[in-house]
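Enquirer: Sequence:
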Amino acid sequence: MEKAFEISLLSYGPMLQKHGIAYHEVNNMLLHGTPGSTDGWVLYLSVRTLDTVVLLENLLPLLKENNTPFSLVKNQLLQYQLNAGAFGEELVGKVITLFPKTTQDAVILAGQINALSSNYSGPVVPGAARIGKILYAPNPEKLPFHIAAEYRHKGKLPAILGRYYVPVQMIRSSAKGDIYKGVNIKGCAFNWCLIKQGKPSALDDHFGRDMKDRLLWQREVLEDIAGNVPTPRFLDFFERRDHSYLVMEYAEGEPLGLKVAEVLKGRTWLALNTEEKKQLLRWYLGALEITGKVHQKGYVHRDISDMNFIILNDNRLCVIDFELSYSLTRQKPAVPFVLGTRGYMAPEQVQYAVPSVKEDVYSLGALLCFILTGKQPADFIEAQPQQTMSKLQDLAEPGTLSNIVLKCLDPQREKRPEVKELREQVLDYYCLLN
Numbered sequence: 024m025e026k027a028f029e030i031s032l033l034s035y036g037p038m039l040q041k042h043g044i045a046y047h048e049v050n051n052m053l054l055h056g057t058p059g060s061t062d063g064w065v066l067y068l069s070v071r072t073l074d075t076v077v078l079l080e081n082l083l084p085l086l087k088e089n090n091t092p093f094s095l096v097k098n099q100l101l102q103y104q105l106n107a108g109a110f111g112e113e114l115v116g117k118v119i120t121l122f123p124k125t126t127q128d129a130v131i132l133a134g135q136i137n138a139l140s141s142n143y144s145g146p147v148v149p150g151a152a153r154i155g156k157i158l159y160a161p162n163p164e165k166l167p168f169h170i171a172a173e174y175r176h177k178g179k180l181p182a183i184l185g186r187y188y189v190p191v192q193m194i195r196s197s198a199k200g201d202i203y204k205g206v207n208i209k210g211c212a213f214n215w216c217l218i219k220q221g222k223p224s225a226l227d228d229h230f231g232r233d234m235k236d237r238l239l240w241q242r243e244v245l246e247d248i249a250g251n252v253p254t255p256r257f258l259d260f261f262e263r264r265d266h267s268y269l270v271m272e273y274a275e276g277e278p279l280g281l282k283v284a285e286v287l288k289g290r291t292w293l294a295l296n297t298e299e300k301k302q303l304l305r306w307y308l309g310a311l312e313i314t315g316k317v318h319q320k321g322y323v324h325r326d327i328s329d330m331n332f333i334i335l336n337d338n339r340l341c342v343i344d345f346e347l348s349y350s351l352t353r354q355k356p357a358v359p360f361v362l363g364t365r366g367y368m369a370p371e372q373v374q375y376a377v378p379s380v381k382e383d384v385y386s387l388g389a390l391l392c393f394i395l396t397g398k399q400p401a402d403f404i405e406a407q408p409q410q411t412m413s414k415l416q417d418l419a420e421p422g423t424l425s426n427i428v429l430k431c432l433d434p435q436r437e438k439r440p441e442v443k444e445l446r447e448q449v450l451d452y453y454c455l456l457n
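All the letters of the sequence shown, read from the start, carry residue numbers 24 to 457 under my numbering.
Simulated from the structure, these hints should not be mistaken for lab results.
Hints may contain errors.
What the hints assert, rightly or not - Quick list of in silico lysine-lysine cross-link-like pairs, BS3-like style, CA-CA up to 30 Å:
| hint | residue 1 | residue 2 |
| --- | --- | --- |
| 1 | K282 | K398 |
| 2 | K320 | K26 |
| 3 | K414 | K320 |
| 4 | K156 | K87 |
| 5 | K430 | K398 |
| 6 | K355 | K443 |
| 7 | K124 | K41 |
| 8 | K26 | K443 |
| 9 | K209 | K301 |
| 10 | K282 | K320 |
| 11 | K97 | K282 |
| 12 | K414 | K438 |
| 13 | K398 | K301 |
| 14 | K443 | K282 |
| 15 | K41 | K26 |
| 16 | K300 | K282 |
| 17 | K430 | K316 |
| 18 | K301 | K288 |
| 19 | K443 | K316 |
| 20 | K398 | K288 |
| 21 | K41 | K209 |
| 22 | K430 | K443 |
As the list claims (entries may be wrong) - Taking CB as the label site, the calculated pair distances span:
| hint | residue 1 | residue 2 | range |
| --- | --- | --- | --- |
| 23 | E444 | R365 | 19 to 29 Å |
| 24 | L85 | N214 | 51 to 61 Å |
| 25 | A182 | V377 | 37 to 47 Å |
C-beta atoms are modelled at their ideal positions from N, C-alpha and C, and glycine is treated no differently.
Can you build the whole structure from these sequences, using the hints too?
Expert: Structure follows, in structure tokens:
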């Protein structure tokens, strides 16, 4: 299978050995020395993966000279995952953790690190106080460090963003950026809007891109598919204090996953009555129709999940979140963005294959599996298809729908059905329900 790109990722152990620094491995980290400060201070260095090797060349001699205990993420792959939140939001940005022995040591070390790290950047460390360009400390009431004025602001949003948008409710907070429901007052419209924030250096990758690039790409896609695919319309893009903001129309409704859970009420397919089954399949058929329209416009969505379809107040569906999408006609982005929703990603997506519509077919199979079982695909789908089939048949009736799921989840993407064929099979089953 053709790869979209090839990258060589480094391990950091050899760098420590080169500088004569002893270490041992603890889970995903390399640990030097024994943490155990009586003053309890720790310092976090948050840095983009591509910059870490150069930073370490300057930082390691300093840490060795000061005999400072520290931990360092093992390698670049784990660093990308760490900064993306794969190990928990609370660990984002904690690439290097320093354990100064005293408060005085911490203050001196902070000054030294700030002097050598002014040209670097990294993702925001959640719940910590920023005391330098890439340096953070736990956020007690009183910090013994000098903090430059540019880092003293609390990060609160102003009353108005981008001149026209009033954030009124935080929908979700994450390390990559917060999402707000807001009011669009441009032209006295006073309509609801969605404000999607990209934090600086969030989701950095091996090609120098971050969350800003993802939002700009999403803007480009939304402008291209407007009027052809039911999705919230693009309104605006702007930047403020190194943060990026994408503004869209607000989709009044609930995620498909929540609506499915309301119907299932903890049950699975076998326990549903006919009308409940029909309702779930109507929504699923709507998702298939929308995905087909995305493909007709020449795109692969690449992040289809139960949370990326919205059931609007009039019971119609729309699709959201084109951050990972790929243009087949323009072969853009030249390097597809990575990551996605665990359990919904096709195997080849994880392996950096050139995208195809069959990635979405896999995700649609995972979505049908969720509808039949109420179980998130990441917790239900097995590596071996027959094991998945066995579990499916215990919770959903053997036959058509279970077989459809297995066909969509085929590890060989060329064997997966087309979306049109998939929709025809589900529609035939729907018509037979009495």
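Enquirer: Confirm or reject each hint.
Expert: Do the hints match the structure? See the list:
Simply put, K282 and K398 have alpha-carbon atoms about 14 Å apart, close enough for the 30 Å limit, and the pair holds. Restraint check for K320 and K26: the C-alpha separation of about 23 Å stays at or below 30 Å, so the hint holds. Pair hint K414 plus K320 does not hold up; C-alpha atoms about 36 Å apart against a cutoff of 30 Å. Straight-line distance between C-alpha atoms of K156 and K87 comes to about 22 Å, which keeps the hinted pair within the 30 Å bound.
Distance restraint check for K430 and K398: the Cα-Cα separation of roughly 19 Å lies within the 30 Å cut-off, and the hinted pair is therefore satisfied. Restraint check for K355 and K443: satisfied, since their Cα atoms lie roughly 24 Å apart, inside the 30 Å limit. A hinted pair counts as satisfied when its Cα atoms are at most 30 Å apart, and K124 with K41 qualifies at roughly 25 Å. Proximity of K26 to K443 is assessed by CA-CA distance (about 26 Å); at most 30 Å being required, the pair is judged to hold.
The suggested pairing of K209 with K301 is violated, with an alpha-carbon distance near 42 Å, which exceeds 30 Å. For the given pair, K282 sits about 28 Å from K320 by alpha-carbon distance, which is consistent with the 30 Å threshold. Between K97 and K282 the alpha-carbon distance is near 41 Å, which puts this suggested pair outside the 30 Å criterion. For the given pair, K414 sits about 22 Å from K438 by alpha-carbon distance, which is consistent with the 30 Å threshold.
A hinted pair counts as satisfied when its Cα atoms are at most 30 Å apart, and K398 with K301 qualifies at roughly 19 Å. Taking the CA atoms of K443 and K282, the gap is about 25 Å. The hint holds against a cut of 30 Å. Distance restraint check for K41 and K26: the Cα-Cα separation of roughly 33 Å exceeds the 30 Å cut-off, and the hinted pair is therefore not satisfied. Our distance criterion of 30 Å between C-alpha atoms is met by K300 and K282, whose separation comes to about 13 Å.
For the given pair, K430 sits about 21 Å from K316 by alpha-carbon distance, which is consistent with the 30 Å threshold. Only pairs whose Cα atoms come within 30 Å are accepted, and K301 paired with K288 is accepted, the gap being roughly 16 Å. Only pairs whose Cα atoms come within 30 Å are accepted, and K443 paired with K316 is accepted, the gap being roughly 11 Å. For a cut-off of 30 Å, the pair hint linking K398 to K288 stands: about 12 Å separates their Cα positions.
Restraint check for K41 and K209: not satisfied, since their Cα atoms lie roughly 58 Å apart, outside the 30 Å limit. With a CA separation close to 14 Å, the supplied pair K430 and K443 stays within the 30 Å bound. Checked against the given bound of 19 to 29 Å, the beta carbons of E444 and R365, roughly 27 Å apart, stay inside it. Range check, L85 to N214: about 53 Å between beta-carbon atoms, so the 51 to 61 Å window is met.
In this structure, A182 and V377 meet the distance hint of 37 to 47 Å, their C-beta atoms being roughly 46 Å apart.
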